[in-house]
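Colleague: Using the sequences and the hints given, assemble the complete structure.
Protein chains in written order, with the working numbering: chain V, -7 to 130; chain C, -7 to 130; chain A, -7 to 130.
Don't read these hints as lab results, they were simulated from the structure.
Hints are supplied without guarantee of correctness; some may be wrong.
No copy labels: a pair is met if it fits in one copy or bridges any two.
[As the list claims (entries may be wrong)] Within a straight-line C-alpha distance of at most 25 angstroms, the following computed DMTMM-like cross-link-like pairs (lysine to aspartate or glutamate) qualify:
| hint | residue 1 | residue 2 |
| --- | --- | --- |
| 1 | Lys6 | Asp117 |
| 2 | Lys60 | Asp117 |
| 3 | Lys130 | Asp13 |
| 4 | Lys122 | Asp77 |
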Amino acid sequence: MIFQKEISLSPFSKGFHIITDIISEIIQSSGIETGTAQIFILHTSASLTINENTDPTVLLDLESHFNKFVPENQPYYQHNYEGPDDMPAHIKSSLLGTSVHFPITYGRPNLGTWQGIYLGEHRNDGGSRKLIITINGK
Amino acid sequence: MIFQKEISLSPFSKGFHIITDIISEIIQSSGIETGTAQIFILHTSASLTINENTDPTVLLDLESHFNKFVPENQPYYQHNYEGPDDMPAHIKSSLLGTSVHFPITYGRPNLGTWQGIYLGEHRNDGGSRKLIITINGK
Amino acid sequence: MIFQKEISLSPFSKGFHIITDIISEIIQSSGIETGTAQIFILHTSASLTINENTDPTVLLDLESHFNKFVPENQPYYQHNYEGPDDMPAHIKSSLLGTSVHFPITYGRPNLGTWQGIYLGEHRNDGGSRKLIITINGK
Chain V
-7 MIFQKEISLS PFSKGFHIIT DIISEIIQSS GIETGTAQIF ILHTSASLTI NENTDPTVLL
53 DLESHFNKFV PENQPYYQHN YEGPDDMPAH IKSSLLGTSV HFPITYGRPN LGTWQGIYLG
113 EHRNDGGSRK LIITINGK
Chain C
-7 MIFQKEISLS PFSKGFHIIT DIISEIIQSS GIETGTAQIF ILHTSASLTI NENTDPTVLL
53 DLESHFNKFV PENQPYYQHN YEGPDDMPAH IKSSLLGTSV HFPITYGRPN LGTWQGIYLG
113 EHRNDGGSRK LIITINGK
Chain A
-7 MIFQKEISLS PFSKGFHIIT DIISEIIQSS GIETGTAQIF ILHTSASLTI NENTDPTVLL
53 DLESHFNKFV PENQPYYQHN YEGPDDMPAH IKSSLLGTSV HFPITYGRPN LGTWQGIYLG
113 EHRNDGGSRK LIITINGK
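Modeller: Following this line, the structure appears as structure tokens:
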């Protein structure tokens, strides 16, 4: 069985945000009991990753790290048309990735106790972001 | 349905290169309408990622970033047998990844308007690179 | 066909470790000849990646790189409850990823000649780690 659905998210502020519940509800509606989920973001200045789901300081520290190690205003940036957050957003997107993948077991995301799904919004004003959820399974 | 095909690419210079058209043509030949694509590179000194498909300065700035933040000639590198680009290429491969994944919808890669598939060539003389395209779908 | 199995690994020391043989044996036991494998780690302070399978200095240099570019004791870290290796472990997990994916061909992992599957243990005392192997194929 294949299940596929596109969704649009409300705009997020720059930083990391937990979207596990939104994804989990769609997966449970698919009727697939065992398989793999692919969550794909249709953008090049936002990203998806999996990390700690409880302490909000993890999201803040992750944002601090990426702002330091993918800095704005580097002298070698040529792609700055949309402002200083433009090229760093593209780099963060490739570092973190445009998709996350996890197993489905008993009709639910089979994540670790402490794992949640993060959306990384890397623009100051990224607007609504679109995701496609595709599940292969039975 | 499962579709799988191995391809060899002509050698690329060090840096990032857009290979969307090559991948898209193979996917459209598979006959699979809905599903997921896995593009896998059989090497440890090159990578695959998804990023902006229009402005060539994004590819150049991405290369500049990785050359600065994964520098050559670090005092702690022990693996330098093949030259100063050897160990940085392995690190870039793990940072960016050896595979990209995206949905297939209506028989085509379902990428965002601005998304393209990049091959990252991290060696000065990497030669031909092999990919395996596998599609799960119906 | 879908195959899914959860396994627990013996504790690893901080650093990178090759686990190809463990994964390969499970994949060969699945009976699936052609498809895709998803290896998923149920933790937020360890990671999975694919890199060079022969020279042990690659594993050591990768560890040195990540210790330098994801440093401990940054002034902006707020999430330090479990020690100085806590937040860097979460960042490394997102940089490297919680899953690896590769094709299955003739019933085996279709990896490049020099590719192996790495587990990145990013805690000083991470304990046993759990993985879920899911294969879609035929």
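Colleague: Compare the structure with each hint and give your call.
Modeller: How the hints compare with the structure:
| no. | hint | in the structure |
| --- | --- | --- |
| 1 | Lys6 / Asp117 | within (7 angstroms within a copy, 33 angstroms between copies) |
| 2 | Lys60 / Asp117 | within (20 angstroms within a copy, 27 angstroms between copies) |
| 3 | Lys130 / Asp13 | within (22 angstroms within a copy, 28 angstroms between copies) |
| 4 | Lys122 / Asp77 | within (20 angstroms within a copy, 35 angstroms between copies) |
The structure agrees with every numbered hint stated previously.
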